[in-house]
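**Q** Spelled out from the first residue to the last, the chains are:
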Amino acid sequence: MNMRNPIARARGHGSAKEGVHHWYAQRASAVLLIFLVAWLIYGVLSLAGGGYEASRAFIANPVNAALLGLLLVVVLYHAMLGLQVVIEDYVHRPALEVALYFVTRAGAYVLMALGLVHIMKLALGA
Amino acid sequence: MIGPYYKPQMTSLMSITHRATGVFLSVVGAPLLVWWIIATAGGPEAFARFEAVIGNPLGMLAMAATILCLCYHLLNGIRHLVWDTGRALDLRTAYTLGWLVLIGTVVLTAVILGVLL
Numbered sequence: 001m002n003m004r005n006p007i008a009r010a011r012g013h014g015s016a017k018e019g020v021h022h023w024y025a026q027r028a029s030a031v032l033l034i035f036l037v038a039w040l041i042y043g044v045l046s047l048a049g050g051g052y053e054a055s056r057a058f059i060a061n062p063v064n065a066a067l068l069g070l071l072l073v074v075v076l077y078h079a080m081l082g083l084q085v086v087i088e089d090y091v092h093r094p095a096l097e098v099a100l101y102f103v104t105r106a107g108a109y110v111l112m113a114l115g116l117v118h119i120m121k122l123a124l125g126a
Numbered sequence: 001m002i003g004p005y006y007k008p009q010m011t012s013l014m015s016i017t018h019r020a021t022g023v024f025l026s027v028v029g030a031p032l033l034v035w036w037i038i039a040t041a042g043g044p045e046a047f048a049r050f051e052a053v054i055g056n057p058l059g060m061l062a063m064a065a066t067i068l069c070l071c072y073h074l075l076n077g078i079r080h081l082v083w084d085t086g087r088a089l090d091l092r093t094a095y096t097l098g099w100l101v102l103i104g105t106v107v108l109t110a111v112i113l114g115v116l117l
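Chains as they are written, first to last, in my numbering: chain A, 1 to 126; chain B, 1 to 117.
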């Protein structure tokens, strides 16, 4: 007979105590993205028909450059967390699961780096 | 969710659609956004190549699908965030908000495509 209080077992070990981190990060990034995506939709609509010069001027604006960089990082973070859940739920071959996990993370980081460098290039007028 | 006893319902279909649109936005939408930034930074010729690709029928389809997925995922995502606070979980409200998301998606997508085209 186990005389320990179940709460002691629950608190003591088993969990790394970070169980809600992924869940919380997905939602926190989602809340930020409501505002950032609304801004991007408005921004892109204002560029309609403006061609190259309108896009260049838009991204070169320091406030837009900062918001676009922030959006890029947050949206790709949100995407990598979401893709992770989809992979975990539907891919049941361990090797493929690990490979897809790696590819989606690497892809997100590469897109972040590429996007940020080119935003900075425009914002700094190089 | 697929089996002999499964009957399609709005709640489960909208849930799987949330995932599908999220995957599409990750795989097609995000690269499109980054390509737009790179093309703009690359100068007029690079931008012209970008415009040529999103201007051809397949490019326009990808663009339209991205906008549709974005509108759905944005609006349905808000519905999920409301649920996460423990509100609106009864079936009636879940369906009402579901219809609002679907109608909102059609309206928002139509407005955006209307301005862009």
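Simulated from the structure, these hints should not be mistaken for lab results.
If you're wondering where the values come from, they're calculated on a predicted model, not measured in any experiment.
Each hint should be verified, as a subset may be incorrect.
[Claimed, not checked] What follows is a list of derived Cβ distance ranges for each label pair:
id: 1; chain 1: A; residue 1: 32; chain 2: B; residue 2: 15; range: 19 to 27 Å
id: 2; chain 1: B; residue 1: 90; chain 2: A; residue 2: 31; range: 19 to 27 Å
id: 3; chain 1: A; residue 1: 96; chain 2: B; residue 2: 10; range: 42 to 50 Å
id: 4; chain 1: A; residue 1: 43; chain 2: B; residue 2: 107; range: 18 to 26 Å
id: 5; chain 1: A; residue 1: 53; chain 2: B; residue 2: 92; range: 13 to 21 Å
id: 6; chain 1: B; residue 1: 95; chain 2: A; residue 2: 38; range: 24 to 32 Å
id: 7; chain 1: B; residue 1: 10; chain 2: A; residue 2: 2; range: 42 to 50 Å
id: 8; chain 1: A; residue 1: 31; chain 2: B; residue 2: 106; range: 20 to 28 Å
id: 9; chain 1: B; residue 1: 81; chain 2: A; residue 2: 42; range: 28 to 36 Å
id: 10; chain 1: B; residue 1: 93; chain 2: A; residue 2: 99; range: 18 to 26 Å
id: 11; chain 1: B; residue 1: 117; chain 2: A; residue 2: 99; range: 35 to 43 Å
id: 12; chain 1: B; residue 1: 7; chain 2: A; residue 2: 39; range: 18 to 26 Å
id: 13; chain 1: B; residue 1: 15; chain 2: A; residue 2: 109; range: 23 to 31 Å
Built from N, CA and C at the ideal position, the CB exists for glycine as well.
**Q** Which numbered hints turn out to be false for this structure?
**A** 3, 5, 9, 10 and 12
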